[in-house]
Amino acid sequence: MNRKRVRNAVFYIIITGGALLSTAPVLYMFSASLMRKQDIFGMPIRLIPPEVRWANYVDIFTLFDLHRYFLNSVFVAACVVVFNLMFSAMAGYSLAKGTYRGRRIVFYFILSTMMVPFTVIVIPLYILVRDLGWLDTYWALIVPAAMTPFGVFLMRQFIVGLPDDYLEAARIDGCSEVRLFFSIVLPLLKPALSALAIITFTGNWDSFLWPLISISIESLKTLPLGLARFVSAYGTEWHLLMSASVVSTLPLLLIFVVLQRRFIEGMSGLSGIK
Amino acid sequence: MRSRYSIFALLITTAVVLLGFSGVIYAKTELVYWIHGYEPAVVANKEIIQQFEALYPDVNIRFDYVPHDDFETKLFTAFAAGVGPDVYWIADNVFPQMLESDMVDAVMPSAFGVDSQAEFETLFEPGALEAFKVDGTLYTAGISEYNTLSVYYDKAAFREAGLPYPSATEPMTVAEFIELGQKLTKIEKNRRIRSGIEFEWRLPNWISQTVEPWVRQLGGELVDPETGMPQFDSEEVITVVQLLQDLVFKYETSDPAFVLQDHVEDFAYGRVAMVLGGPFHMGFTRGLKPDMEIGVMPFPVFEGSPRVTTKYSWAWMVNPHSRNRELAWKFAAFAATEHQGLWWNNVRFIQPLKGKMDQLIEAEPLMETFVADFEYSKYQFSSTQYYELAHILLQAVSEVTSAPVDVRQVMERAQKEALGAVGL
Amino acid sequence: MLSYEQQRRLWSIIFVIPAVAFFGIFYVWPIIQTFWLSLHQWNIVSVPKYIGLSNYQNLFTSSQFINSFQVTTKYVFGSVIPVWIIALAVAVLFNREFRGKDMYIMLYYLPFVVSLTVWCVLWKIIYHPSFGVLTAVTDLFGFRNIRWLNDPRLVLAALIIPNIWKVMPANMVILLAGLGSIPKEYTEAAKIDGANSLRVFWHIILPLLKPVLLYVVIISTISAFQVFTPAYLMTRGGPGSATRVLPLFIYENGFQYLRMGLACAASMVLFMVLMAFSLLQLRFFGFGKEG
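Chains as they are written, first to last, in our numbering: chain C, 1 to 274; chain U, 275 to 698; chain H, 699 to 989.
Take the hints with a grain of salt, since some may be wrong.
[To be verified] Subject to a maximum C-alpha distance of 30 Å in a straight line, what follows is the list of computed BS3-like cross-link-like pairs (lysine-lysine):
{"#": "1", "chain 1": "U", "residue 1": "690", "chain 2": "H", "residue 2": "747"}
{"#": "2", "chain 1": "C", "residue 1": "37", "chain 2": "U", "residue 2": "463"}
{"#": "3", "chain 1": "U", "residue 1": "563", "chain 2": "U", "residue 2": "407"}
Just so you know, the hints here were simulated from the structure itself, not pulled from any lab data. Treat the numbers as computed from the prediction; the structure is a model and nothing was measured.
Can you build the whole structure from these sequences, using the hints too?
In structure tokens, the structure reads:
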């Protein structure tokens with residue numbers, strides 16, 4: 001009994017230490033977001049703001065219109081997530097349970113597009129989007145991100161693990177393939193969809209280069225472009241950058257907290273043992 | 275189960291409808307105008323745009339400002355797709371590249387109410403436009419930001435060290451400058467608290483701007499203006515790069531690792547005593563530290579060498595393929611020649627309109643040194659491979675200032691790379 | 699009238715069509731164009747001029763490219779291997795029920811949700827040799843004036859450390875999920891047979907974890923190869939060219955020197971390398987043999 005208690009204590013000490021270590025930079029970011037600009041940088045080194053300045057959080061919205069960037073980012077990321085879930089689930093189902101020939105090739109084809117460095121395809125992509133007439137519209141931000149190879153990979157791996165008997169039973173009952181997908185497969189995919197939602201949302205939230213070049217009107221700009229306004233060749237608003245970044249982190253954190261359990265369950269689908 | 279996928283459907287429909295609304299169609303004539311983002315300049319530009327739209331009610335100007343470091347990327351991508359802006363800013367150093375790629379239009383004198391290019395030139399300070407002139411043709415609507423580099427110093431640091439303020443008009447020698455730098459450097463318990471001298475170590479154009487005037491004082495050139503040949507392994511260049519290395523390791527007045535992001539920001543907060551800076555830094559420094567006592571002295575000169583400083587500009591350009599070329603020129607002319615006051619008072623950028631420089635000194639006495647330094651200033655070397663050459667120089671400087679390696683050897687390697695860059 | 703089987707096949711083909719069309723248009727078509735451009739001299743605005751394989755030839759004789767390639771390789775292995783080890787260790791630690799588990803997972807996950815741009819800027823402040831927070835820590839151990847981002851010997855590590863911090867949590871969560879799906883009976887049976895924990899881990903858990911490990915290994919390798927933001931924001935490839943990773947090389951050549959043809963060739967090389975690596979990893983994990 002006593003030994004168990006000691007082991008337990010050691011366990012908690014270890015994971016708490018790890019947690020402190022991994023959150024330390026984030027805590028510092030939060031602390032810096034409440035400092036005055038000159039406190040972040042100077043002697044003595046400060047970990048805690050000498051005077052707490054919540055006004056930074058007001059300034060980012062009044063001086064820099066952060067809410068507009070924020071709403072754009074939320075809208076774009078939400079659309080991207082919806083499209084990703086939909087199309088990746090469909091493709092994943094087809095690649096996992098389809099009966100046509102060549103699906104392995106199609107799968108490898110999609111997998112191989114993961115290796116494309118974005119910097120390079122940016123110009124051909126830009127020209128394509130221009131030809132579609134999407135520059136300076138939400139389309140430019142949403143459509144090229146509507147699917148990712150990761151998404152299809154994840155879905156396919158998860159669906160492969162779903163028991164065939166279950167699907168067959170529904171088929172025997174005369175269930176059409178479309179209905180089968182929507183009313184039986186999709187609900188089973190909830191955990192995997194949660195995982196994909198988190199990954200896609202987080203991935204999209206940070207994208208910088210593409211919105212930078214494809215959007216030239218203020219009203220459509222996203223959060224990373226907004227953050228970039230705090231850093232310029234003529235000086236950096238360190239403290240405001242930190243506050244803005246705390247704010248920009250919140251939606252991601254919220255989504256993770258809400259979907260955390262399902263996320264972990266969803267990822268376990270990858271192992272294909274279930 | 276059903277309700278779940280109807281939520282899906284609903285979300286998608288909403289997305290599609292919202293997207294449909296985003297394409298607003300303008301009936302007005304539209305001009306696209308891009309600048310790099312500097313908050314005061316953005317505000318001033320918005321005002322100019324408003325005035326222009328009031329004068330031309332059927333014109334709509336679509337204005338965008340882009341983070342400084344990513345500005346060229348955005349500009350080039352748009353030009354690659356044939357959708358470059360009608361009016362935009364560029365710096366003198368990328369001009370040759372832009373001209374080669376047919377991205378800049380020859381000046382349209384009528385937009386300025388003059389009859390010829392020669393007459394247009396007389397609107398500006400002599401020599402101000404020369405970086406934008408090739409084979410006798412001018413390619414700019416005017417300069418948005420006219421700069422030379424002088425030295426800002428922190429008067430408080432001088433008082434603390436018991437040093438007299440330097441002359442505002444007579445340049446000191448490089449040796450004197452170093453000595454001052456050493457006296458102003460503060461290192462406590464092996465930790466640097468204040469640098470005597472710092473530069474912008476991070477950006478290729480800044481390194482080239484810093485090295486080049488000193489090289490020219492010694493009679494050399496970074497790039498031969500006649501042949502376009504880089505001279506990175508010449509004695510003059512090696513001497514100057516050696517000087518930068520010595521500042522870091524021998525005299526310990528400077529340390530690239532000490533500059534966080536912007537050397538002038540460090541200056542404003544008392545972390546650096548002397549910095550190379552341009553006139554535009556005045557507004558920036560005062561914005562950060564309104565009560566700071568700033569002094570300005572001329573760019574230091576090697577003993578026995580002639581006075582040479584650097585000059586660089588950002589300028590308004592017009593896209594030669596603009597669908598509304600004439601209107602684009604009118605707007606560029608309006609912005610470039612009719613708002614010097616607004617530009618100076620709110621942005622602290624100099625528009626070098628002829629005969630107006632004295633007014634700047636009246637408004638800000640410290641400008642005297644800059645105006646004097648302009649007389650000795652020369653634009654940077656001109657090359658279609660400017661960025662690549664400047665970057666090779668930066669890499670070399672960065673290498674010799676991060677470890678005490680042999681400068682000559684590094685510069686010889688840099689020269690080889692530079693020759694490759696210009697295709698020789 | 700189609701038979702049931704035919705209908706089923708038809709629908710599964712219809713289901714995959716959006717994906718094929720999408721990846722064809724937005725990924726493959728740009729790659730084809732990139733390949734085409736890699737055979738040309740192109741300054742972005744001019745008409746591309748065909749020059750055959752010259753760009754590739756120039757690349758392989760360019761010391762800058764070779765340097766970038768080496769730097770990238772060092773960066774990739776330097777960052778993915780610690781990430782795998784730490785992520786696996788933490789996942790094993792978390793693979794049990796205890797009070798506050800969800801909260802702990804969230805705390806570990808926190809760095810992952812911070813914007814990468816801000817993360818890099820933050821670490822630049824942390825690393826500052828005089829005023830950085832890390833300096834206060836290294837001082838305790840008697841190290842003075844460490845120039846993390848300006849010392850050619852330390853700089854790669856200085857880029858790798860923040861990356862481990864940020865990437866580890868995502869991988870950890872995935873591995874944790876994988877561990878959670880391994881039925882307890884497997885490991886318990888082995889323990890009854892007298893195998894020690896290490897042997898159980900090595901001979902039972904790891905093999906069962908293979909598919910998840912595969913996902914983690916492939917995806918973290920690919921994204922490490924594509925590293926751009928940290929090098930761009932924290933060091934600009936310096937000091938000298940000690941952190942000039944391949945994506946930075948590509949960006950600078952393409953967008954700053956306007957040597958787009960060369961940049962495209964470099965990208966094709968990166969593409970090929972990633973393909974080779976991924977195939978190797980797939981083989982190593984015996985993927986595609988069964989099923």
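We went through each hint and held it up to the structure:
no., hint, result
1, U:690 - H:747, "holds (26 Å)"
2, C:37 - U:463, "holds (26 Å)"
3, U:563 - U:407, "violated (39 Å)"
Checked against the numbered hints listed earlier, the structure breaks hint 3 alone; every other hint is satisfied.
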